[in-house]
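S.K.: Below, each chain spelled out in residue letters.
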Amino acid sequence: MRSARLTNAQLNDAARTYSGPYRHYDIVKEVIVCTGIVTLLAVVLTIVFSSPDLPPSTIKGWSRSMPADFVTTALSELDGSSATAGYGPPYNHNGSGQHIAFIHLQEWLGVSHPVNTAQDFVIQPLRSVPDQPRLQAAVSSYLSASAGTQAGWTAAYTKALAKATASGTALSVPPGSYGPVGTMMTALLADAQTGGLDGDLLTSRQFYQTDFTKALLFMADGSALADRAQAQHLLGTQWGMMNETGSYPGQVWLWLYTFWYQISPFTTSTNADALVAAIMGVLSLGLIIVPFLPGIRDIPRWIPIYRLIWRDWYAGTGGAPPGEPDVSAPPAPAATG
Amino acid sequence: MSSWTVKIREFGMRTLPPEQLLPDSQPAYMTSAVYLFGALTIGALVVLLLSGTILALKGPSWWHVQSLGHFFNSVHLWAVELFFFFMVCHLWGKYWMAAWRGGRARVWMSGVVCFLVAIPCAFTGYLSQQNFDSQWIATQGKDGLNSLGVGAFFNPLNFGQMYSYHVFLLPLAVVTLVGGHILLVRRHGIVPPIPLSEGDPARPA
Amino acid sequence: MATGAPSTVRRQESMGALVNLNNSPYYVHLDFFRMSVANLVVIGLMLVVFALAVSLRAPGAKRSRRPK
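Chains as they are written, first to last, in the working numbering: chain C, 1 to 337; chain Z, 1001 to 1205; chain P, 2001 to 2068.
A couple of the hints might just be wrong.
To be verified - Some chain P residues judged to face chain C by a derived CB distance under 10 Å, without partners named: (1) L2021; (2) Y2027; (3) F2033.
Simulated from the structure, these hints should not be mistaken for laboratory data. This one's a predicted model, so the numbers in the text were calculated from it and none came from an experiment. We put the beta carbon where it would ideally sit given N, CA and C, even for glycine.
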């Protein structure tokens, strides 16, 4: 291609100023007409497709429809085996979080939203249940036991839970040597099924509430959200980052971000989030500096779509010949950046 | 004594005289429809700001309980889809025209930054919906943000914080950046065609 | 499947959408590639619209009168 012979500097110089003919143009009209077109498109799409609004999950709904899953999750919060319990920063110090090589940003920025899953998700909600001396005695008994004894009780209850049977919203757990844990879990399930736990887990102690960190972390440790998400193809392994519920188009612009999660080594890496973020950061920076990247900035000359875009111009019919401009040219733009 | 006011005015008049800011003529090579994507993106941004303002006026719960609210939520959602649709087409167009030539690198770079900042703006919008989408996106998105330490000061599980970002901070950033991008376009002018051969000025003889 | 959600889908039907998109999504799934039909339609439309824009003239940008 002939233009390939031009150096990048020559191309830049040729594009610096323009002294050819101009045509009439109404910039305000163009923007207003385009806004009108987009308004019309958005209203038509609204009338034809509306927008999705799947109701939120609640701990009440979750504990009523999946009592075994709820209690299993609550037990994992109590014995410290849940994802949140071992998350690390910014919720607790029970893990170091992800890192990129020697850069441990997650650890370095520290615990800003402290969450103690046993205390916050189980003990404190149970302490707030009124008029149940037997339950309070069970909680006290659990708290005053040694760590080894507590672990023995929760392990025994985990075993019993595996044989539990659910009937409607009720859960019957076979007897075992799980000490006060059975009483605690039964009470927590009852509290959750009446909606009490939804309120207990709101983070702020004030009247007005806007922070749902604890309730969402608790729900995310169970299957309440994940089962619905899987049915809607929203899981990370389902390219879910770019998907919307139902058959609506989603965040198509995240296709590359979610793509990395589908391939090795990110499918198995415990640092996948940090690594993918780093890759996307580098690629985003690359997109910003395309004008300075040899090769990338030359592709438009090698694949000459520009010949189509400016075909009138190249055919010599793009404007009046020099000396006979359609309109007087404005001051030449100073393209010297 | 020189006046700061006069200096700023003269700087403005020098760098972007009114007839260049709001031109009534354009270079004759601009005949392709590919030049419309920029204005269509601005149009989508206007629809976003207007529908978002209506939703903000009534508060975050309104659209769940009233049909009119759901209508404006739908307009807002589709305007988001159209915004990204036209913005990406605009980006493709500018790429294939190598529109950064002739000292216009800052125009390209500011445009890409607009795109990159629009993404968290949309993300916080999904988190502000107060529905299952928000719950799922918050609990998933937190891991990516936390892995970079961003979670220390930006908590997607905090609805109040996400709502503030979505209705004020990020739209302000997007509008400011898009405004700056447009001023840079007006300052530097639309890039002339790629010359077909050496010695060929950017204009047929 | 049991979920933590109320069993009824709210209001969408009453919103008067002409086409109901609140159904189970359709997906194109090949090996690790999995994309919703809706997203593919959007991407396809972007390519079509871009190709059209490259091939068409902007309204008002009439071919000028004569080649030199």
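S.K.: Hint by hint, note whether the structure agrees.
M.R.: Comparing the hints with the structure gives:
Evaluation of the L2021(P) hint against chain C yields a held restraint, the C-beta minimum of about 4 Å falling below 10 Å. For Y2027(P), the suggested interface contact is upheld, since its CB lies about 6 Å from the closest CB of chain C, less than 10 Å. Because the smallest distance between the Cβ of F2033(P) and any Cβ of chain C comes to about 8 Å, under 10 Å, the interface hint for this residue holds.
Consistency note: the structure conflicts with none of the earlier hints.
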